[in-house]
Amino acid sequence: MKNLLLLILLIPLFTNCQTEKAAVSKYPAHVGDIKFDEKLDDPDFKRCLGEKFTFQYYNDSKGFQYKGEKIEIEKKLKSLDLENDKNSNGYITIRFLVNCEGKTGMFRVQQMNEEYKEQAFEKSLSDQLLSFTKSLNGWVPKEYDGKKVDYYQYLTYKIENGKVSEILP
Amino acid sequence: MEKFQKYCLSLLLIVVYSNLQSQVNCNAMEDEDCKKACELYNYWGDYQGFSESQENLDKAIELCPNFSNAYMEKAVPYLKRGDFITWKILVDKAVALEPKKHLGYRGWCRYQFLRDYKGAIADIEALEKIYPTGYLGYSANGDYELHIAKALCYSALGQKEKAVSIIENQLADKAHNTGFYDYYQLGVTYFELGKYDKALENFEKQSKLNDFAENIYFKSKVAKIRNKDYLDLKKLALKSYDEGKTMKEGYTHYFNKVYRAQIDEL
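Those protein sequence lines, which keep their order, are chains G and U.
Under my numbering, read the first sequence as residues 31 to 199, first letter to last.
Under my numbering, read the second sequence as residues 219 to 484, first letter to last.
I should point out that these hints are in silico values taken from the structure, not numbers from a laboratory.
Certain hints may be false.
Rough simulated footprint, nothing fancy, chain U against chain G, three-plus residues with beta-carbon under 8 Å [stated by the list, open to error]:
1. 96 to 102
2. 110 to 118
3. 133 to 147
4. 159 to 170
Interface residues of chain G toward chain U, partial, derived using beta-carbon atoms under 10 Å [as the list claims (entries may be wrong)]:
5. Lys56
6. Ala59
7. Cys78
8. Asp90
9. Arg125
10. Lys153
11. Ser154
12. Glu196
Every residue, glycine too, gets a C-beta built ideally from N, C-alpha and C.
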């Protein structure tokens, strides 16, 4: 009975753990999964547990974890004093992976306007924010069951009149 | 293998736990296809973000194209994982189908995840037009009644007096269940207006209900402004912070959250 219950509970996960599927889904195993791209990604950046066991930053009660908390990131960004086209408004979101050592990699960028429609900001702004995000080295590795795990994190920069007005989440 | 299974099971449970969604009574649905769609929603909503979940929510939409919950549920993992473009396309469909049910949720998420204050106000005010006399429901995390959430948006946009007026009206409503941070947010807004007596009055009310580091920090700030001894309160705020009695949320940061470094700098 116990084994049967275990089996039932594991079905959805194991179907994700399969390396080959009968039918190819139009969705990644988990929404937001990032695949290694040799054109974009550092080959030296490694996941510790493999793609199937990557957490989301919110999967534990601790949520966003950065040394010195989010205000530390805000202070660092302020010191850069980034400014762009004064008419630009919207959001730049950079999603990435934090591995079990707290190192980051596999950065992906999404840009949108205030109406949540895709829109490219001036390249200099998105490049600077990407470099800034890559430079952040205070991410705290998350632990689960005594084991350090990899997790997905993102930062969203809210842009108002060419300046970053808030960092989210 | 046993260890691997244990790990998989633990991982599944943690994923399921952090993604639990509200269930719908499918028996209330008359159309058979919609009933099937509803059952798919109820089952796969607990596996939020898995490819199988997304596929089955697609099936639910195919079976019952007007079943708004399926769009909403399909949207959620995109929101939580920072793909706001996809989230908005899907949640807009849910809102278009059943604005009564989803406007408040969309408005809250625009505020919580994107600090889209104007967008959140627009959604909540559209909901008020549907329910002009009262109850709008609560934020998705349960912390704020939506009138209060709207007030926070006005406050963020610099309309402090308006924010105060909305919160005071809401708190005066006998039907209102006071939220975890209502008095704190009102206190901070009064503080920003320079009305320190009113600010303190609300911080004290907050202390009685649910005290935490940020609330004590603001009491300390008022004391400092009034040239009174503030250091004991500052110490208490830091102690509370270190004990974890602070405004903390798994997905985002609270409006008017104060960080430890800010308390330390006081």
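Verification of the supplied hints:
1. 96 to 102: Held - the region 96 to 102 of chain G has 5 residues with a Cβ nearer than 8 Å to chain U, which meets the minimum of three.
2. 110 to 118: violated (count 0)
3. 133 to 147: holds (count 5)
4. 159 to 170: Our answer is that it is violated, as 0 residues pass the Cβ test (under 8 Å) against chain U, missing three.
5. Lys56: holds (8 Å)
6. Ala59: Since the shortest Cβ distance to chain U is 5 Å, the answer is holds.
7. Cys78: violated (14 Å)
8. Asp90: holds (8 Å)
9. Arg125: holds (5 Å)
10. Lys153: Constraint on lysine 153 of chain G not satisfied, violated at 19 Å.
11. Ser154: Since chain U brings no Cβ nearer than about 22 Å to serine 154 of chain G, farther than 10 Å, the hint is violated.
12. Glu196: Glutamate 196 of chain G check passes; min Cβ-Cβ to chain U is 5 Å, inside 10 Å.
Consistency note: the structure conflicts with the earlier hints numbered 2, 4, 7, 10 and 11.
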